[in-house]
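Line by line, the protein sequences give chains A and B.
Residue 129 in our numbering is what sits at position 129 of the first sequence, and the numbering runs on without skipping anything.
Residue 3 in our numbering is what sits at position 3 of the second sequence, and the numbering runs on without skipping anything.
Since the hints were made in silico from the structure, they are not lab data.
All residues carry an ideal CB built from backbone N, CA and C; glycine is no exception.
Worth double-checking, as some hints may not be accurate.
Below are the EDC-like pairs computed for lysine to aspartate or glutamate, each with C-alpha atoms no more than 16 Å apart in a straight line [unchecked claim]: (1) A:K172 with B:D113; (2) A:K79 with A:E51; (3) A:K96 with A:D113; (4) A:K85 with A:D54; (5) B:K172 with A:D124; (6) A:K150 with A:D113; (7) B:K172 with A:D174; (8) B:K172 with B:D155; (9) B:K2 with B:D174; (10) A:K188 with A:E23; (11) A:K2 with A:E24; (12) A:K172 with B:E140.
Below, a sample of chain A positions facing chain B; criterion: calculated Cβ distance under 10 Å [unchecked claim]: (13) L25; (14) Y29; (15) K41; (16) S42; (17) C122; (18) D174; (19) E175; (20) T179; (21) G184; (22) F185; (23) I187; (24) G203.
What follows is the residue order along each chain.
Number of protein chains: 2
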Amino acid sequence: MKIITISREFGSGGRELGKRLAEELNFDYYDSEIIVGVSEKSGLDASFVSETLDSFGQDGRTLTFSRTLSTPFRLETSKISLLLKQKEVIEAIAKKGRDCVIVGRNADVILKDYNPFNIFVCADRDSKIKRCLQRTGENENLTERELVRKMKQVDTVRARTREMISGSSWGKPDEYHLTVNTTGFEIKELVSPLTAYIVNFFGRTK
Amino acid sequence: MKIITISREFGSGGRELGKRLAEELNFDYYDSEIIVGVSEKSGLDASFVSETLDSFGQDGRTLTFSRTLSTPFRLETSKISLLLKQKEVIEAIAKKGRDCVIVGRNADVILKDYNPFNIFVCADRDSKIKRCLQRTGENENLTERELVRKMKQVDTVRARTREMISGSSWGKPDEYHLTVNTTGFEIKELVSPLTAYIVNFFGRTK
Numbered sequence: 001m002k003i004i005t006i007s008r009e010f011g012s013g014g015r016e017l018g019k020r021l022a023e024e025l026n027f028d029y030y031d032s033e034i035i036v037g038v039s040e041k042s043g044l045d046a047s048f049v050s051e052t053l054d055s056f057g058q059d060g061r062t063l064t065f066s067r068t069l070s071t072p073f074r075l076e077t078s079k080i081s082l083l084l085k086q087k088e089v090i091e092a093i094a095k096k097g098r099d100c101v102i103v104g105r106n107a108d109v110i111l112k113d114y115n116p117f118n119i120f121v122c123a124d125r126d127s128k129i130k131r132c133l134q135r136t137g138e139n140e141n142l143t144e145r146e147l148v149r150k151m152k153q154v155d156t157v158r159a160r161t162r163e164m165i166s167g168s169s170w171g172k173p174d175e176y177h178l179t180v181n182t183t184g185f186e187i188k189e190l191v192s193p194l195t196a197y198i199v200n201f202f203g204r205t206k
Numbered sequence: 001m002k003i004i005t006i007s008r009e010f011g012s013g014g015r016e017l018g019k020r021l022a023e024e025l026n027f028d029y030y031d032s033e034i035i036v037g038v039s040e041k042s043g044l045d046a047s048f049v050s051e052t053l054d055s056f057g058q059d060g061r062t063l064t065f066s067r068t069l070s071t072p073f074r075l076e077t078s079k080i081s082l083l084l085k086q087k088e089v090i091e092a093i094a095k096k097g098r099d100c101v102i103v104g105r106n107a108d109v110i111l112k113d114y115n116p117f118n119i120f121v122c123a124d125r126d127s128k129i130k131r132c133l134q135r136t137g138e139n140e141n142l143t144e145r146e147l148v149r150k151m152k153q154v155d156t157v158r159a160r161t162r163e164m165i166s167g168s169s170w171g172k173p174d175e176y177h178l179t180v181n182t183t184g185f186e187i188k189e190l191v192s193p194l195t196a197y198i199v200n201f202f203g204r205t206k
């Protein structure tokens, strides 16, 4: 079984890249499906699950010294329990034994015993803003300033969550097999070179 | 003409990767040849050239407030003039119009108008130490501790020199097309996947 994980900066096009790679390689593809899985497992609404998992959470100090069930405390405990559910969902995906691409959710850390091929996708700031502004969807009414703020927030949460799970640094190139810079590219242009790399990579380990 | 530039952390195996890629692709290969070129151009001994280019240099402050031709001042001016000579040597390589791989020396920055394919090679600390200890050559009598110190020094000089030349960050993944982590690999295992990526990359821009 071959697993490809994609971690990515907000706006870098990593999700599109993951989707296109899965199509090209004829692999299963997982992204929002994971949130749905956590929602089903926890009996909680999918948007609550998504918001909680992508929230800041609190640092250890707050958790230790919090004496009442204050909102930050509750948020933190929800986040931790949902992260555990999410881990189960991701492990269940791997146990299916089918080749797949998993976008985000620290699947590279959770599935490390399966020897996945781990990609980090980045781009320079201007290129990420441009990509976001071109995209339709939940961000389409944001101003550039709001977008930059969101970009920073999302990436900070991703970094903190990874640190919480693994103690390792998000986006540090020696944590991934390959770090791909999408600046100046249409995502589809990267599919063919990356596929070639990946096929050769998995060929090597066979 | 296709140019591949390799920037790398000390001990990551970047030079070997560059050499093997050049062999695989049948490209010219440049590494110490550049120092020889600078030596010839400047009439200075190659080891002096190499030491000066790979020395720390001083920060702007020292340069500004230095009132006598102190050693740091002289080192700094030598470094700058040798960097300019080095730039000429690298530009002359590109003007030959032949496909080539250039290791180090900020060729990615100097030759950016030629649209080179820029690779950064990294590895985790343990893997770099292991690789250095296995290598014969100038480092073979260093203790692990001395090696770690050298590793840090060399990378710091590389980072500072790049910043001096381009104002941009050394090793930051959005400065390169691809960042390759060699941890856990024999360098030769990476040649085939990378070649596949590169061939596809250059195919795209034709």
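### Query
Which hint numbers doesn't this structure obey?
Numbers 1, 6, 9, 12, 13, 14, 15, 16 and 23, in rising order.
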